[in-house]
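Asks: Below are the chains, spelled out letter by letter.
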Amino acid sequence: MRLTDREIHIIKQKTAECFGAEAAVLLFGSRVDDGARGGDIDLYIELPAHADKVFARSMRLYGTLQIRLGLQRIDIVTHVAGQALASIHREARATGVRL
Amino acid sequence: MAIETTVRSARFFRLLILCQKQAERLRGTTERLLGECNEIDGPWISDCLGDPNFDDRLESFGAKFSRLQDMICDKLIPAFLQATGEKTGTLLDNLNRLEKFELVDNVEDWIEARGLRNRLVHEYIEDPQLLADALTEARRFSAVLFSTLGKFVTATENLAR
Chain A
1 MRLTDREIHI
11 IKQKTAECFG
21 AEAAVLLFGS
31 RVDDGARGGD
41 IDLYIELPAH
51 ADKVFARSMR
61 LYGTLQIRLG
71 LQRIDIVTHV
81 AGQALASIHR
91 EARATGVRL
Chain B
1 MAIETTVRSA
11 RFFRLLILCQ
21 KQAERLRGTT
31 ERLLGECNEI
41 DGPWISDCLG
51 DPNFDDRLES
61 FGAKFSRLQD
71 MICDKLIPAF
81 LQATGEKTGT
91 LLDNLNRLEK
101 FELVDNVEDW
111 IEARGLRNRL
121 VHEYIEDPQL
131 LADALTEARR
141 FSAVLFSTLG
151 KFVTATENLA
161 R
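These protein sequence lines map, in sequence, to chains A and B.
Note that the working numbering has the first sequence beginning at 1, numbered continuously upward.
Note that the working numbering has the second sequence beginning at 1, numbered continuously upward.
So here's chain A without its partners, still in its complex pose (with noise of 0.2 Å):
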């Protein structure tokens, strides 16, 4: 995985603050390859069923992520849980790296 471990403390502390403790955040995409370089960070984020405002704290989120990480290519994919699974929902879990 190519993250420092600075990069990947902010990334769980402030998931956590905008989504609540019981959100999970997976690293997917190119970003998990040790092999390769550059490339998105590509985040999936698991919420519970109860989740609320999911569009605007995936902003905040992402945000507070490029600024903490210094302007960034970040993307955040959200899926709540018993919501149908979209392919990318599918890729990010069949190839994430839980954070």
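Keep in mind the hints are simulated off the structure, nothing from the lab.
Where a beta carbon is used, it is the ideal one built from N, C-alpha and C, also for glycine.
Careful, some of the hints might be misleading.
Claimed, not checked - Which stretches of chain B does chain A cover? Using the computed rule of at least three CB atoms under 8 Å from a CB of chain A, they are: (1) 89 to 101; (2) 131 to 142.
Unchecked claim - Calculated cross-link-like contacts (lysine to aspartate or glutamate; reagent style EDC-like; alpha-carbon spacing at most 20 Å): (3) B:Lys151 with B:Glu102; (4) A:Lys12 with A:Asp40; (5) A:Lys53 with B:Glu39; (6) A:Lys53 with B:Asp109; (7) A:Lys53 with B:Glu126; (8) A:Lys53 with B:Asp127; (9) B:Lys21 with B:Asp41; (10) A:Lys14 with A:Asp33; (11) A:Lys53 with A:Glu17; (12) B:Lys75 with B:Glu24; (13) A:Lys53 with B:Asp41; (14) B:Lys75 with B:Asp93; (15) A:Lys14 with A:Glu91; (16) A:Lys53 with B:Asp55; (17) A:Lys14 with B:Glu108; (18) B:Lys100 with B:Asp74; (19) B:Lys151 with B:Asp105; (20) B:Lys151 with B:Asp70; (21) B:Lys87 with B:Glu99; (22) B:Lys64 with B:Glu137; (23) B:Lys75 with B:Glu4; (24) B:Lys151 with B:Glu24; (25) B:Lys87 with B:Glu59; (26) A:Lys53 with B:Glu108; (27) A:Lys14 with B:Asp109; (28) B:Lys100 with B:Glu86; (29) B:Lys151 with B:Asp74.
Claimed, not checked - Facing chain A, a subset of chain B residues (Cβ under 10 Å, in silico): (30) Asp105; (31) Val107; (32) Trp110; (33) Arg114; (34) Gly115; (35) Arg119; (36) Leu120.
Fit chain B to the given chain A structure using the hints.
Replies: Just chain B, lined up with the frame of chain A:
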């Protein structure tokens, strides 16, 4: 006025005109995409998706919105700071400087809005409610972009003299 300053000012005004033209295009596309729809919600999006005209307009809206945002953030704002003799840095630094001049109201809002582009793509965002939220937010932030262009015009009237 030193030649270098004049050149920087000229570049800024050229970019400002380009941004105003791009803003007009975005206004037109927004009108064609959303028309009279005030409340964009999941059911409305579900009804519209699949209509080839809507899909085309949605794609066009996403592209024009992102382009205007990029032009203002990555080109116009640094050009403004250079034309006024200010230092330039990262987007965050530049936005913080503009906040001091009262040309930008909320730096966090601008940074968050940079995340909208990926959320305006239907093939990617399959949930109609999330797409509705993203469109609502993009329409709101478009108004912020338009008003910022207006503020630049007022703030730079002295530069043009």
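Asks: Run through the hints listed earlier and report the numbers of any the structure violates, in increasing order.
Replies: Structure breaks hints 9, 10, 15, 16, 25, 30 and 36.
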